[in-house]
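From first to last, the protein sequence lines stand for chains Y and D.
The numbering used here numbers the first residue of the first sequence as 23 and each following residue consecutively.
The numbering used here numbers the first residue of the second sequence as 23 and each following residue consecutively.
Among the clues, some could well be false.
Identical copies look the same in the list; a pair holds intra-copy or inter-copy alike.
[Claimed, not checked] Simulated crosslink set (DMTMM-like; lysine to aspartate or glutamate; CA at most 20 Å straight-line):
| no. | residue 1 | residue 2 |
| --- | --- | --- |
| 1 | K175 | D223 |
| 2 | K321 | D146 |
| 3 | K151 | D137 |
| 4 | K263 | E241 |
| 5 | K296 | E241 |
For the record, the hints were derived by calculation from the structure and aren't laboratory data.
Protein chains: 2
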Amino acid sequence: MLATARLRTALLVLGLVLSLLGAPRARAADPLPSWNETAAKQAIVRFVGEVTNSGGSNYVPPAERIATFDNDGTLWVEQPIYTQLSFAIDRVKALAPKHPDWKTTQPFQAILEGDLKTALASGDKGLLKIVMTTHAGMTADQFTGVVTEWIGKSQHPRFKRLYTECVYQPQLELLQYLRDNGFKTFIVSGGGIEFMRPWTDGVYGVPPEQVVGSSIVTEFEIKDGKPVLVRLPKVNFIDDKAGKPVGIYQHIGRRPILAFGNSDADMQMIQYTKGGDGARLGLFVHHTDADREYAYDRKSPVGKLDKVLDMASEQGWIIVDMKRDWSVVFPWEKR
Amino acid sequence: MLATARLRTALLVLGLVLSLLGAPRARAADPLPSWNETAAKQAIVRFVGEVTNSGGSNYVPPAERIATFDNDGTLWVEQPIYTQLSFAIDRVKALAPKHPDWKTTQPFQAILEGDLKTALASGDKGLLKIVMTTHAGMTADQFTGVVTEWIGKSQHPRFKRLYTECVYQPQLELLQYLRDNGFKTFIVSGGGIEFMRPWTDGVYGVPPEQVVGSSIVTEFEIKDGKPVLVRLPKVNFIDDKAGKPVGIYQHIGRRPILAFGNSDADMQMIQYTKGGDGARLGLFVHHTDADREYAYDRKSPVGKLDKVLDMASEQGWIIVDMKRDWSVVFPWEKR
């Protein structure tokens with residue numbers, strides 16, 4: 023038996039030898055084909071080359087190759103409103119019959135009346151109120167089920183595609199390129215951690231344990247003999263602005279060497295990342311392409327990019343101009 | 023060049039073929055040599071066999087093979103006092119000149135007078151007070167430096183070895199065995215997360231991002247132009263008892279399929295783990311070996327194991343009896 027197994031393995035390996043000797047090898051493909059050959063791509067490729075060059079002065083051992091990515095506006099579309107807000111709106115409508123007071127309470131009233139402008143005008147606090155209220159009052163497993171069902175069928179209003187298709191092809195390539203070079207890729211988002219975790223592995227190749235986000239309080243209970251986690255309508259942690267370095271510290275415990283955002287709310291994450299020793303890369307997506315995606319920055323209520331644009335050049339932050347730097351924006355353009 | 027590289031690879035592979043055909047293969051070594059051939063080991067090996075058998079009904083894909091281990095008393099010695107308390111005692115002594123009030127404030131007074139019994143009598147709250155006070159008031163990087171220095175030189179009072187040597191050899195083998203079978207191994211401890219992270223990778227092969235623990239509040243600041251995280255003397259999260267499933271949910275976002283503890287404070291983690299569908303394994307170390315380590319359970323102020331012993335058989339929890347089930351306790355016994 024053992025001898026037979028050895029022989030079989032040997033023959034398989036022999037086949038490999040022959041194929042190595044025989045077939046001409048294709049030239050290594052460009053790992054970032056949807057990035058134009060501009061300064062941004064060159065900076066990324068140079069950086070990855072440096073930190074993986076074991077003889078060089080900027081070498082970083084694989085265990086310390088931590089890359090963090092914001093999600094909304096960095097990995098997927100955040101216009102005209104955050105996807106999680108679309109989810110929350112649908113939840114408000116579904117739950118409204120049980121909450122008659124919402125008809126006269128903002129921002130719920132605005133949502134139910136389809137008056138998005140008023141709902142958005144309630145600001146971060148109002149948005150969080152909607153998000154947290156619609157995300158609590160159930161077990162963790164139940165919430166995962168609700169998200170999974172919704173994300174599996176809901177479409178972006180402009181692109182008429184699943185939200186999980188409205189992701190940036192150049193970023194999918196970058197995530198893979200980094201992982202192929204020994205990086206561990208994390209999402210660090212102001213969005214709800216449990217809203218992202220059910221689908222990030224399938225869409226981005228980022229498993230749940232590598233997702234950092236905002237959260238509500240959960241409690242452990244034995245309910246009808248079953249151990250469950252119950253989600254309470256109370257904010258636990260806001261993973262945004264100065265909260266991002268804190269979230270990184272709590273969850274990852276290492277300072278990233280590369281961080282990628284797209285708004286002023288990502289500035290502290292990039293500052294923290296760049297504040298370490300050795301080679302560091304900090305990048306921001308600048309949404310400049312109204313034809314293929316959206317164009318917005320200093321005055322946008324969603325994904326405001328203002329201070330960062332003023333400070334980028336002095337700080338050595340790389341501004342990735344969507345129009346100039348990405349040859350493809352969405353995966354479906356390739357087909 | 024390319025042809026030469028191909029030829030070299032081919033020759034290397036050819037060598038492998040010959041060695042496979044030629045040399046008799048050694049019988050696969052026992053991956054758990056420090057475990058006696060008792061029911062506990064059999065249950066572990068059977069469980070791992072089942073969840074990795076892709077044809078079987080209990081198969082679990084690698085991504086979902088999450089194993090969580092308590093630290094104190096499960097992976098390393100927690101008697102006569104928690105190692106982190108020894109660290110805190112040394113910090114109290116070092117910081118005392120700056121805190122004259124500690125001379126007359128419990129539990130600091132007791133610590134400074136070497137009266138450990140009184141200090142321990144202050145209970146969890148007193149202990150946390152000591153731990154949190156001595157762990158704050160500095161940046162994250164500074165704290166990592168303090169821990170790294172201390173752990174690199176401090177010895178266990180009885181074994182006269184570095185604390186990082188006072189780890190359980192059977193558990194080192196188990197962690198490796200699980201990883202070799204596609205598991206991702208996590209620490210889920212009531213201990214301070216940032217006290218563990220500087221050394222868990224080197225000692226257990228568990229990287230910082232796979233360590234879950236109690237924490238104090240941190241804040242992001244730009245200090246003298248440098249972005250830093252400042253540790254504040256305020257509890258953020260207690261990762262103990264019912265906090266453990268919550269910590270697992272926050273950090274990992276998946277329910278473990280195997281969990282290992284040693285005290286009543288680990289009960290909820292095991293309940294949560296066992297509460298999922300499919301094959302699940304819940305284990306507790308029972309400290310029964312006063313000769314090689316310590317013997318304690320129902321009445322111990324440290325690592326109390328009481329309710330668990332009453333419930334284990336009914337709940338299907340595996341009690342690992344140190345004396346009976348481990349042929350070797352510490353790594354140095356092997357030498």
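Evaluated hints:
no., hint, verdict
1, K175 <-> D223, "within (17 Å within a copy, 41 Å between copies)"
2, K321 <-> D146, "within (15 Å within a copy, 51 Å between copies)"
3, K151 <-> D137, "within (16 Å within a copy, 50 Å between copies)"
4, K263 <-> E241, "between (26 Å within a copy, 11 Å between copies)"
5, K296 <-> E241, "between (36 Å within a copy, 17 Å between copies)"
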